[in-house]
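Trainee: The residues making up each chain are set out below.
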Amino acid sequence: MTFLALTAFYVIKLRHLFAVVMLSGVFSLLSAALLVQLDAVDVAFTEAAVGAGISTVLMLGTMTLTARREKIPNGTAILPLLVVIITGAALVYGTLDMPDFGDASAPSHGHVVPEYIEGTRDIFKIPNVVTAILASYRGFDTLGEVGVVFTAGIGVLVLLTSGSTSRGRRKGKGTKPQSDEKGGEGEGA
Amino acid sequence: MRHHLVLRVVTKMLIPPILLFALYVQFHGDFGPGGGFQAGVIFAAGFILYSLVFGLETARRTVPIGVLRFLIAFGFLLYALVGVAGLILGGNYLDYSVLASTPTAGQHLGVLVIELGVGITVAAVMVAIFFSFAGRSPKIRDEDW
Chain A
1 MTFLALTAFY VIKLRHLFAV VMLSGVFSLL SAALLVQLDA VDVAFTEAAV GAGISTVLML
61 GTMTLTARRE KIPNGTAILP LLVVIITGAA LVYGTLDMPD FGDASAPSHG HVVPEYIEGT
121 RDIFKIPNVV TAILASYRGF DTLGEVGVVF TAGIGVLVLL TSGSTSRGRR KGKGTKPQSD
181 EKGGEGEGA
Chain B
1 MRHHLVLRVV TKMLIPPILL FALYVQFHGD FGPGGGFQAG VIFAAGFILY SLVFGLETAR
61 RTVPIGVLRF LIAFGFLLYA LVGVAGLILG GNYLDYSVLA STPTAGQHLG VLVIELGVGI
121 TVAAVMVAIF FSFAGRSPKI RDEDW
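These protein sequences, in sequence, are chains A and B. Read in order, the letters of the first sequence correspond to residues 1 to 189 in the numbering used here. Read in order, the letters of the second sequence correspond to residues 1 to 145 in the numbering used here.
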């Protein structure tokens, strides 16, 4: 937790964007370690792969298109700071009413979870309850999530690919023409 | 990055284990941590590493954008069609119990196939997004960093 706070502090303080991107990767990795501590290995796995891996690469890719340094902001930000402090205080106040970590009588453990665990043991006969819930009990949710990923991918392809193919074609003519590439682009356009 | 000999050799050694690990996470998701989302991202990370070190054009020849487009839709459709298969066999939508002779076998099969669909879509989308972003970047030299 201390490392997390320290990393977040430096992300705000540093102006060199390369260091900031790297530090946000470090932040994701530390969160993954924290989630492992909380016995949420599936989430930690995702955090490490997506947060520390893919998003860092994508941020670096974006950074090559823009400036390497953040602009120095003019003026102080009293109002945003106030909003952040009040929201943070409200969230901390909310956690005081939460049941203890690992409390068996917590409301979230009483509703449908016993049914999920028994079903996974008796019907699925697989050790990982998370997979059973994700894929079968909440199959519609997961289908929706895949739909979101699908839509995001299509959106990025539509927005970015059209521009880059026309540029790639110009570049291909200038340097060395490659037959298979041209064919693929012709189909795409 | 053609002149980074160490990077290229290490990358060549690393990519097969990364892809193998992704497949392990994909098909072992019932028994250990992992599943389609994580496996897809790890699989994509292998391809992204390849294109970072050996160049975008080489990677694009390995996985053409048309194949990616097909895979993005294919994974999603695979998931949705498993639900339709359940409907046809007399169950509810996305009810896997009717897919095989016993409910346990049916659930195993259903979970495996839909996780495969998730993995295919996620991997293809990640690689496609990376290609789209990296394809727009101007050429940068190592000193620019």
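Treat the hints with care, as some may be off.
Claimed, not checked - To be clear about the criterion: a stretch of chain B counts as covered by chain A if any three or more of its residues have a C-beta under 8 Å from a C-beta of chain A, and this derived list gives those stretches:
#	stretch
1	10–18
2	33–42
3	69–81
4	110–118
As the list claims (entries may be wrong) - Between beta-carbon pairs, the in silico distance windows are:
#	chain 1	residue 1	chain 2	residue 2	range
5	B	Thr104	A	Ala5	26 to 34 Å
6	A	Phe140	B	Leu23	21 to 29 Å
7	B	Ala73	A	Pro114	32 to 40 Å
8	A	Glu70	B	Leu14	42 to 50 Å
9	A	Val36	B	Ile18	43 to 51 Å
10	A	Glu70	B	Val84	48 to 56 Å
11	A	Ala77	B	Val6	43 to 51 Å
12	B	Thr104	A	Val84	16 to 24 Å
13	A	Ala67	B	Thr104	54 to 62 Å
14	B	Leu20	A	Phe3	25 to 33 Å
Derived by calculation from the structure, the hints in this document are not laboratory data. Cβ atoms here follow ideal geometry from the backbone N, Cα and C, with glycine treated the same way.
Trainee: Now tell me if each hint is right for this structure.
Mentor: Hint check results:
no.: 1; hint: 10–18; in the structure: violated (count 0)
no.: 2; hint: 33–42; in the structure: holds (count 7)
no.: 3; hint: 69–81; in the structure: holds (count 7)
no.: 4; hint: 110–118; in the structure: holds (count 6)
no.: 5; hint: Thr104(B) - Ala5(A): 26 to 34 Å; in the structure: violated, 47 Å
no.: 6; hint: Phe140(A) - Leu23(B): 21 to 29 Å; in the structure: holds, 27 Å
no.: 7; hint: Ala73(B) - Pro114(A): 32 to 40 Å; in the structure: holds, 39 Å
no.: 8; hint: Glu70(A) - Leu14(B): 42 to 50 Å; in the structure: violated, 33 Å
no.: 9; hint: Val36(A) - Ile18(B): 43 to 51 Å; in the structure: violated, 20 Å
no.: 10; hint: Glu70(A) - Val84(B): 48 to 56 Å; in the structure: holds, 50 Å
no.: 11; hint: Ala77(A) - Val6(B): 43 to 51 Å; in the structure: holds, 45 Å
no.: 12; hint: Thr104(B) - Val84(A): 16 to 24 Å; in the structure: violated, 50 Å
no.: 13; hint: Ala67(A) - Thr104(B): 54 to 62 Å; in the structure: holds, 57 Å
no.: 14; hint: Leu20(B) - Phe3(A): 25 to 33 Å; in the structure: holds, 31 Å
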